Amino acid sequence: MSARRVASLTRRIIDQFRRDRRSLALLFVAPIFVLALLGWVLEGQASPEPRVLITDMSAPGSATVLRTLEQAVTAAGGTLLDGSYDEAAARQALADREADVAIVPNNVGGIELLIITPGLNPAADGGNVSALQQALLQVLRDQAPPQVAGLLPDVRHETLYGPDDADELDTLGPVFVGYFAYFFVFILTGISFLRERMGGTLERLMATPVTRGEIVLGYSIGFGIFATIQVALVMLFTVMRVDVPSIGPLPAFWIGLGVPVAGSPFLAYLIALLLGLGAVSLGIFLSTFARTELQILQFIPVVIIPQGLLGGIFWPVDSLPSLLEPIARVLPITYAVEGLREVFIAGAGIGSATVQLDLAVLVGIAALFVILAATTIRREIA
Amino acid sequence: MPPAAGPEQAPAIQVVDLHKRFGSVNAVDGVDLSLPAGRIYGLLGPNGSGKTTLIRLLTGLARPTSGYAAVLGVRMPARTNLTKIGYMTQAEGLYAELSVWENLRFFASLSGATDRGQMTAALELVQLDTWARTPVHELSGGMRRRLSLACALAHRPPVLFLDEPTVGVDPALRRSFWEHLRGLASQGDTLLVASHVMDEAERCDELLFIRAGRVVASGDADALRQRAGTRDLEEAFLKFASEAGVGSAEEGPQ
Numbered sequence: 000m001s002a003r004r005v006a007s008l009t010r011r012i013i014d015q016f017r018r019d020r021r022s023l024a025l026l027f028v029a030p031i032f033v034l035a036l037l038g039w040v041l042e043g044q045a046s047p048e049p050r051v052l053i054t055d056m057s058a059p060g061s062a063t064v065l066r067t068l069e070q071a072v073t074a075a076g077g078t079l080l081d082g083s084y085d086e087a088a089a090r091q092a093l094a095d096r097e098a099d100v101a102i103v104p105n106n107v108g109g110i111e112l113l114i115i116t117p118g119l120n121p122a123a124d125g126g127n128v129s130a131l132q133q134a135l136l137q138v139l140r141d142q143a144p145p146q147v148a149g150l151l152p153d154v155r156h157e158t159l160y161g162p163d164d165a166d167e168l169d170t171l172g173p174v175f176v177g178y179f180a181y182f183f184v185f186i187l188t189g190i191s192f193l194r195e196r197m198g199g200t201l202e203r204l205m206a207t208p209v210t211r212g213e214i215v216l217g218y219s220i221g222f223g224i225f226a227t228i229q230v231a232l233v234m235l236f237t238v239m240r241v242d243v244p245s246i247g248p249l250p251a252f253w254i255g256l257g258v259p260v261a262g263s264p265f266l267a268y269l270i271a272l273l274l275g276l277g278a279v280s281l282g283i284f285l286s287t288f289a290r291t292e293l294q295i296l297q298f299i300p301v302v303i304i305p306q307g308l309l310g311g312i313f314w315p316v317d318s319l320p321s322l323l324e325p326i327a328r329v330l331p332i333t334y335a336v337e338g339l340r341e342v343f344i345a346g347a348g349i350g351s352a353t354v355q356l357d358l359a360v361l362v363g364i365a366a367l368f369v370i371l372a373a374t375t376i377r378r379e380i381a
Numbered sequence: 000m001p002p003a004a005g006p007e008q009a010p011a012i013q014v015v016d017l018h019k020r021f022g023s024v025n026a027v028d029g030v031d032l033s034l035p036a037g038r039i040y041g042l043l044g045p046n047g048s049g050k051t052t053l054i055r056l057l058t059g060l061a062r063p064t065s066g067y068a069a070v071l072g073v074r075m076p077a078r079t080n081l082t083k084i085g086y087m088t089q090a091e092g093l094y095a096e097l098s099v100w101e102n103l104r105f106f107a108s109l110s111g112a113t114d115r116g117q118m119t120a121a122l123e124l125v126q127l128d129t130w131a132r133t134p135v136h137e138l139s140g141g142m143r144r145r146l147s148l149a150c151a152l153a154h155r156p157p158v159l160f161l162d163e164p165t166v167g168v169d170p171a172l173r174r175s176f177w178e179h180l181r182g183l184a185s186q187g188d189t190l191l192v193a194s195h196v197m198d199e200a201e202r203c204d205e206l207l208f209i210r211a212g213r214v215v216a217s218g219d220a221d222a223l224r225q226r227a228g229t230r231d232l233e234e235a236f237l238k239f240a241s242e243a244g245v246g247s248a249e250e251g252p253q
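Note that the protein sequences, when read in sequence, are chains A and B.
Per numbering that gives the first Met the number 0, residue 0 is the first one in the first sequence, and the count goes up by one each step.
Per numbering that gives the first Met the number 0, residue 0 is the first one in the second sequence, and the count goes up by one each step.
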């Protein structure tokens with residue numbers, strides 16, 4: 000082992016990195032950037048302001064129960080909806096997205112409470128329910144004599160959509176169908192097109208009568224076919240669940256996530272595919288700003304991770320800090336996430352206004368990316 | 000003069016006072032050319048003299064700052080005219096994962112050629128017909144150059160621009176390369192071959208000495224030597240370059 004040779008190698012690596020300012024910047028800046036974003040998202044979570052409705056009660060003594068509940072809603076930062084609801088009307092209001100939480104007190108003594116939430120986002124629902132429970136506890140402590148303070152109502156939580164015991168998987172699964180397509184298609188197209196630019200084949204392509212539009216379309220169809228297959232596989236894996244019984248020493252295990260699909264799998268598929276097609280053009284566009292394949296990979300912390308944090312996958316877009324919410328509103332992933340959840344969990348169809356909006360925005364963003372991609376492909380490269 | 004280029008016919012390549020500026024650099028600095036069809040033209044000059052930029056202007060890959068450049072009477076850049084132009088780039092410009100045949104078929108089809116026989120002929124010309132199924136990443140550097148040439152030829156364009164076509168090609172094959180280029184010219188095709196290798200210059204019908212973006216002399220090899228009063232072309236080049244006020248002793252082509 001020669002210290003001089005090791006030193007030469009070390010020095011060469013330092014020199015190379017010093018020349019590649021962007022890699023260097025990324026090495027130091029990207030972790031701070033991603034952590035900062037994560038910090039904002041987690042710390043800056045706007046405290047939930049759920050719109051709460053309480054169904055009517057007719058039993059004697061219900062006025063006290065209602066007053067206590069109303070105080071709890073206000074204490075939890077919620078907005079109490081006016082109007083008279085029975086349980087069916089309450090469920091309808093949740094389905095119409097007019098309310099975030101419905102409280103259905105037991106009509107006998109109000110000792111048992113049923114809390115209904117939409118179930119589209121367990122994290123948000125859970126936050127609302129626990130905030131209400133805590134507020135209720137506080138209100139009861141304040142007003143009741145100490146000996147009854149321990150007598151808390153029995154709270155039961157139910158969701159409008161999906162199973163009541165829905166876990167994170169049931170809401171993350173549908174979303175990842177789209178996110179993976181987006182991520183991998185972006186990386187693959189970016190690298191392919193970078194090779195095209197750097198390897199001289201783009202120069203050669205441009206010396207033929209091919210048009211920019213033809214190139215973007217050809218890429219979109221080519222990668223679209225692979226995105227189609229990928230989305231199909233991921234979707235199948237998400238939806239199906241095969242239990243394998245224990246064989247000999249091998250313990251029982253299962254394959255697939257078994258996430259239930261309430262709506263049309265084809266509609267969900269369309270949403271994921273539109274997202275993937277946008278990623279093709281985004282990859283072509285951003286390949287202009289990279290000189291090496293390493294630099295394409297550098298787009299992951301800059302382009303892909305922020306979209307994962309802001310797009311509503313883990314935290315609802317509504318509760319993002321006010322600085323980040325407008326950014327989330329222009330990301331295609333936000334609309335795909337919303338659409339996929341609507342279809343998978345709420346069973347929304349093509350007639351749903353939300354799904355229509357999501358599809359329209361995804362088509363619009365894909366079209367914008369196509370234009371951006373096409374403008375970066377010029378005959379005059381130099 | 001070959002019959003294909005009668006005096007009434009427009010020159011295959013015509014350039015009038017062509018300029019291309021990159022920032023403060025005049026890559027092409029007032030070039031005038033009128034090149035009749037059916038001949039091989041050698042574009043000679045050191046690296047960075049403007050050869051590639053001139054070719055890119057003629058193939059429409061770059062837009063002139065000022066001046067006029069036309070191929071077969073059509074002002075460039077003109078996308079539709081590209082079916083009549085073949086361009087062998089200096090960079091390899093091949094898809095390494097694809098086979099020889101797949102590369103050829105792809106570029107030929109973009110240029111509007113679908114005739115299988117024509118593509119096979121292009122492969123035979125560069126002696127790669129037995130390698131058709133081989134992926135490009137398994138080919139040697141010289142074989143890739145040959146495939147690159149075949150890709151430029153496959154749609155049988157009447158005008159060919161070859162940028163340093165014989166780099167990495169062994170001498171025996173280089174000879175057969177030139178025989179084929181000669182064959183194309185005798186069929187009426189026009190070839191503009193950029194090179195910085197002077198021994199290739201002897202094979203061209205006419206030479207264009209280019210230096211700092213300007214054509215400093217043109218004519219056939221003998222005439223140029225005679226005019227410069229030198230015995231070899233390299234010395235002639237340096238003489239013309241210094242007369243034009245753009246030469247420096249050590250910067251001639253090799």
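No lab work stands behind these hints, which were simulated from the structure alone.
All values derive from a computational prediction rather than experimental measurement.
Any given hint could be a false lead.
[Said to hold, decoys possible] For each label pair, taking beta carbons as the anchor points, the in silico distance ranges come out as:
1. A2/A with R230/B: 52 to 60 Å
2. L293/A with Q186/B: 29 to 37 Å
3. G221/A with A90/B: 45 to 53 Å
4. P30/A with S175/B: 56 to 64 Å
5. Y67/B with T353/A: 53 to 61 Å
6. P30/A with V196/B: 21 to 29 Å
Just so you know, even glycine gets a beta-carbon here, dropped at the ideal spot from N, CA and C.
Tested hints:
Roughly 55 Å separates the CB atoms of A2/A and R230/B, a value that falls within the hinted 52 to 60 Å. For L293/A paired with Q186/B, a C-beta distance near 47 Å fails the hint of 29 to 37 Å. In this structure the hint that G221/A and A90/B lie 45 to 53 Å apart at CB is violated, the actual value being about 23 Å. The supplied range of 56 to 64 Å is met by P30/A and S175/B, whose beta-carbon atoms lie about 58 Å from each other.
Hint check: Y67/B to T353/A, Cβ distance near 58 Å, so the stated range 53 to 61 Å holds. In this structure the hint that P30/A and V196/B lie 21 to 29 Å apart at CB is violated, the actual value being about 51 Å.
Going down the numbered hints, you'll see the structure goes against 2, 3 and 6, while the others check out.
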